[in-house]
Amino acid sequence: MPNSDNELMTTASVRQLSQLSTYIASSEQEIGYSVDFTKPYIEIRSSFLQKSLHPLSQSVQQSEKHQGGPYKKGTSEFLKYTECYAKMMESEYKFAEQIMSNNESRRAMALKGSIAPATAEYIAAGRQLNAIAKRLNYTDTSFVFDIIEKHDRECACYLEGLSQLALLNEVQEMIDAFKLTVLRNFYDFMEDIRGRKDVNAPMNLSSDGTVHEMTSNTLNYFKRLYFWRDTVEPLLILVGDGGWNTMPSPEILASSTKSIPTESAMGAALLQKFFVDALDQMTIALQLKSRGYKKPTLTTLFLLNNYNHILRQIRSPPLNAIFDDGSEMKFSKLVKKQLDAYQESWKPCVENLMDVTYVRGGSIKSTMGNAERQLIKERFKVT
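Take the sequence shown: its position 340, counted from the start at 1, is 340 in the UniProt record's numbering, and no numbers get skipped.
Rather than coming from a laboratory, the hints here were simulated on the basis of the structure. All of these numbers come straight from a predicted model, not from anything done at the bench. Virtual Cβ for every residue (Gly too), placed ideally from N, Cα, C. Treat each hint with caution, since some may be false.
Within a straight-line C-alpha distance of at most 27 Å, the following computed DSSO-like cross-link-like pairs (lysine-lysine) qualify [unchecked claim]:
id: 1; residue 1: Lys295; residue 2: Lys273
id: 2; residue 1: Lys134; residue 2: Lys39
id: 3; residue 1: Lys377; residue 2: Lys330
id: 4; residue 1: Lys289; residue 2: Lys223
id: 5; residue 1: Lys337; residue 2: Lys134
id: 6; residue 1: Lys72; residue 2: Lys87
id: 7; residue 1: Lys223; residue 2: Lys294
id: 8; residue 1: Lys347; residue 2: Lys337
id: 9; residue 1: Lys223; residue 2: Lys336
id: 10; residue 1: Lys289; residue 2: Lys337
id: 11; residue 1: Lys330; residue 2: Lys223
id: 12; residue 1: Lys273; residue 2: Lys347
id: 13; residue 1: Lys73; residue 2: Lys39
id: 14; residue 1: Lys347; residue 2: Lys289
id: 15; residue 1: Lys39; residue 2: Lys80
id: 16; residue 1: Lys289; residue 2: Lys73
id: 17; residue 1: Lys295; residue 2: Lys223
So the derived label-pair ranges between C-beta atoms look like this [what the hints assert, rightly or not]:
id: 18; residue 1: Trp346; residue 2: Ile132; range: 48 to 58 Å
id: 19; residue 1: Ala254; residue 2: Gln343; range: 13 to 23 Å
id: 20; residue 1: Trp346; residue 2: Gly292; range: 46 to 56 Å
id: 21; residue 1: Glu43; residue 2: Tyr226; range: 46 to 56 Å
id: 22; residue 1: Ser163; residue 2: Ser52; range: 49 to 59 Å
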């Protein structure tokens with residue numbers, strides 16, 4: 001690729017090609033027939049573009065960064081592919097404009113033919129990645145946010161000159177398919193919390209009532225979405241308040257803007273509403289799961305541990321930037337309720353220990369001294 005947008009356009013060779021193009025176009029009366037060099041242009045330029053971008057396509061296919069697991073922002077090979085594709089398309093547009101400035105229809109035809117093979121390969125690579133993303137769990141598809149952000153915020157502007165070409169609509173359709181995958185992930189996430197995604201899944205309750213896997217996964221997903229909030233918020237605007245509870249259809253993107261809008265208060269409000277809605281559903285799910293314990297004390301301990309973990313997380317960065325005082329107060333009350341119930345469950349044991357009859361120093365005693373009472377209290381104190 002050229003080092004700048006103007007480097008390719010200022011070479012002596014391009015000036016000569018432009019002069020030759022102008023001469024051929026204006027010499028029809030002189031030579032008696034029209035010369036159309038569109039076909040050789042397409043053959044030469046399409047081959048050049050495709051060969052230049054093909055290694056990037058191969059690197060995407062061979063990458064292991066889209067197979068699930070932890071993902072670091074900016075590491076997807078498809079990001080570089082997208083950037084190079086967009087910049088080369090812009091350069092090709094300017095190149096064709098300069099050497100075929102005298103015939104707009106012929107220039108459009110030549111452009112369409114020259115970018116077709118490279119565009120088809122780029123779209124195929126994108127569709128393959130999206131197919132992979134749809135097979136993965138929603139927690140393993142962070143690379144999709146990266147792809148959407150890269151295209152909409154950095155690369156879409158390079159394609160503006162070619163927007164009249166129908167071929168470029170397929171590129172936008174490919175990006176929209178990524179967005180639809182994300183929106184469906186939001187729905188799957190909510191269904192997962194409700195337990196509808198896999199109704200036969202085991203409860204996986206620990207024997208000691210520790211924090212449930214669902215609680216940890218949900219809070220981690222919140223953090224991931226917050227990290228990508230600049231991309232997540234505009235997508236939530238598309239579905240609107242509560243739209244994450246309904247499976248989205250492709251039509252939802254048909255009337256949307258083609259690029260991510262700027263940051264807005266509406267997007268931030270919807271992100272908060274989405275998180276609060278998910279927490280409400282998870283609270284219900286935890287209560288249902290707690291019934292899996294046969295002992296009431298374990299039920300209480302399970303809810304206490306999970307509610308306390310949630311409270312600590314929403315009080316700490318980054319989630320404290322999303323959840324307001326109302327959410328914190330709600331879970332503070334839930335924690336206190338379960339804490340009181342847990343302490344109450346030990347009351348019979350403590351009363352029994354505090355009211356005993358025993359022999360000490362050769363005489364019968366029915367009460368303990370202050371030292372004995374204090375020792376018992378310390379041993380059963382809940383921290």
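Discussion item. For the hint 46 to 56 Å, verify it against the beta carbon of glutamate 43 and that of tyrosine 226.
Written reply: 50 Å, holds
Discussion item. Next pair to validate is lysine 223 with lysine 336; report whether the Cα-Cα distance is within 27 Å.
Written reply: This hinted pair holds, its Cα atoms lying about 26 Å apart.
Worksheet item: Is the straight-line distance between the alpha-carbon of lysine 295 and that of lysine 273 27 Å or less?
Response: Measuring from Cα to Cα gives roughly 35 Å; hence the hint is violated.
Worksheet item: Would the pair lysine 289 and lysine 73 pass a check requiring their Cα atoms to be no farther apart than 27 Å?
Response: Violated, at roughly 35 Å.
Worksheet item: Taking the beta carbons of serine 163 and serine 52, is their distance inside 49 to 59 Å?
Response: For serine 52 against serine 163, whose Cβ atoms are near 22 Å apart, the range 49 to 59 Å is violated.
Practice prompt. Would you mind confirming whether the straight-line C-alpha gap from lysine 377 to lysine 330 stays at or under 27 Å?
Written response: Given pair lysine 377, lysine 330 is violated - Cα atoms ~30 Å apart, limit 27 Å.
Discussion item. Given the hinted pair lysine 289 and lysine 223, is their Cα-Cα distance within 27 Å?
Written reply: At roughly 24 Å apart (the allowed maximum being 27 Å), lysine 223 and lysine 289 satisfy the hint.
Item to complete: Could you tell me whether the CB distance from tryptophan 346 to isoleucine 132 stays inside 48 to 58 Å?
Response: 52 Å, holds
Worksheet item: Does lysine 347 pair with lysine 337 here, judged by a C-alpha cut-off of 27 Å?
Response: Distance of about 16 Å is within 27 Å: holds.
Fill in: Whether the CB-CB distance between alanine 254 and glutamine 343 falls inside 13 to 23 Å
57 Å, violated
Worksheet item: Within 27 Å, alpha carbon to alpha carbon, are lysine 330 and lysine 223?
Response: 20 Å, holds
Fill in: 27 Å limit on alpha-carbon distance, applied to hinted pair lysine 73 and lysine 39
Cα-Cα ~42 Å, so violated.
Consistency note: the structure conflicts with the earlier hints numbered 1, 2, 3, 5, 7, 12, 13, 15, 16, 17, 19, 20 and 22.
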